[in-house]
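Chemist: Sequence:
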Amino acid sequence: MALVEIRNLTKIYSQGESAWGGKSTGSVRAVDDVSLEIHAGETLGLVGESGSGKSTLGRLILRLIEPTSGSVTFDGRDLLASSGDEMRGLRSQMQVIFQDPFASLDPRFRVEDIVAEPLIIHRNGRSKRSGIRARVVDLLRAVGLDESALRRYPHEFSGGQRQRIGIARALALRPKFIVADEPVSALDVSVGAQIVNLLAQLQVEIGLTYLFISHSMPVVRYLSTRIAVMHRGKLVELGDAEQITTKPQHPYTRSLLAATPELTA
70 MALVEIRNLT
80 KIYSQGESAW
90 GGKSTGSVRA
100 VDDVSLEIHA
110 GETLGLVGES
120 GSGKSTLGRL
130 ILRLIEPTSG
140 SVTFDGRDLL
150 ASSGDEMRGL
160 RSQMQVIFQD
170 PFASLDPRFR
180 VEDIVAEPLI
190 IHRNGRSKRS
200 GIRARVVDLL
210 RAVGLDESAL
220 RRYPHEFSGG
230 QRQRIGIARA
240 LALRPKFIVA
250 DEPVSALDVS
260 VGAQIVNLLA
270 QLQVEIGLTY
280 LFISHSMPVV
290 RYLSTRIAVM
300 HRGKLVELGD
310 AEQITTKPQH
320 PYTRSLLAAT
330 PELTA
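For the sequence shown, this note's numbering assigns the number 70 to the initial residue and increments by one for each residue that follows.
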């Protein structure tokens, strides 16, 4: 049974009202009738150019935005039919790593507070502060940081270190599923490679399932079990990573491979 199952998922954005006549100027199908499954323990790489609908699809799966139509099932539960209280419980099992490690961390919070926040919210303050602090220390160590980071602010860290803090926050509630939304695109090549290797290591150690979103075919090819290719809101190709990267069927997939033939991160 799939951990995540998506059926005919569509998101249409209105382009707003015309400044001249007050009429709608049309709509954009950011995600267009996408269906796929993500199996427990795998990494499904989602690749495509900027504007192809990748990040929108990731947010739809997590119900951070509402779809126009379609369905999303997580671990046998219909997310779109779930109430607010039900979604609150499910969100502890589904987390996200954001693209920008600078914008995704509140600059007013110390690292201890950033990583502890999910624990406090989802446990309603029932855990002792000492227990939460010990958990935060364990999480920081898991991503390659130490206890000295606790009292520091995000601006005191490099981009790669900030992304490690974001990963620690995503792991805080021991989720089953993580959407990694272009987590290395804002980092330089060597630091990005370290983050990709960290994600692979954590998957083995914890048993995570990833939707790994990227515009870079080499990065997706390195990390993924299967690869899905999006173009202009549509899913144009889906298959095993080796199949997609050696015998692509769609011309767009071939163009992605030709543009980036070597692993760059």
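To be clear, the hints were calculated from the coordinates, so they are not data collected in a lab.
For every residue, glycine included, the Cβ atom is placed at its ideal position computed from N, Cα and C.
One or more of the hints may lead you astray.
List of simulated lysine-lysine pairs, DSBU-like, C-alpha gap at most 30 Å [to be verified]: (1) K197 x K245; (2) K245 x K303; (3) K316 x K303.
Restraint ranges, calculated between C-beta atoms of paired labels, are given here [claimed, not checked]: (4) E186 x S152: 19 to 27 Å; (5) Q84 x S227: 37 to 45 Å; (6) V273 x R204: 19 to 27 Å; (7) G153 x E186: 15 to 23 Å; (8) I134 x R204: 26 to 34 Å; (9) R204 x R146: 25 to 33 Å.
Chemist: All hints, please: hold or fail.
Modeler: Here is how each hint holds up against the structure:
1. K197 x K245: holds (24 Å)
2. K245 x K303: With a Cα-Cα distance of about 26 Å, the restraint between K245 and K303 holds, given a limit of 30 Å.
3. K316 x K303: holds (20 Å)
4. E186 x S152: 19 to 27 Å: holds (23 Å)
5. Q84 x S227: 37 to 45 Å: holds (39 Å)
6. V273 x R204: 19 to 27 Å: holds (21 Å)
7. G153 x E186: 15 to 23 Å: holds (19 Å)
8. I134 x R204: 26 to 34 Å: Given a distance of about 30 Å, which is inside 26 to 34 Å, the answer is holds.
9. R204 x R146: 25 to 33 Å: About 26 Å separates the Cβ atoms of R204 and R146, which means 25 to 33 Å holds.
Checked against the numbered hints above, the structure violates none of them.
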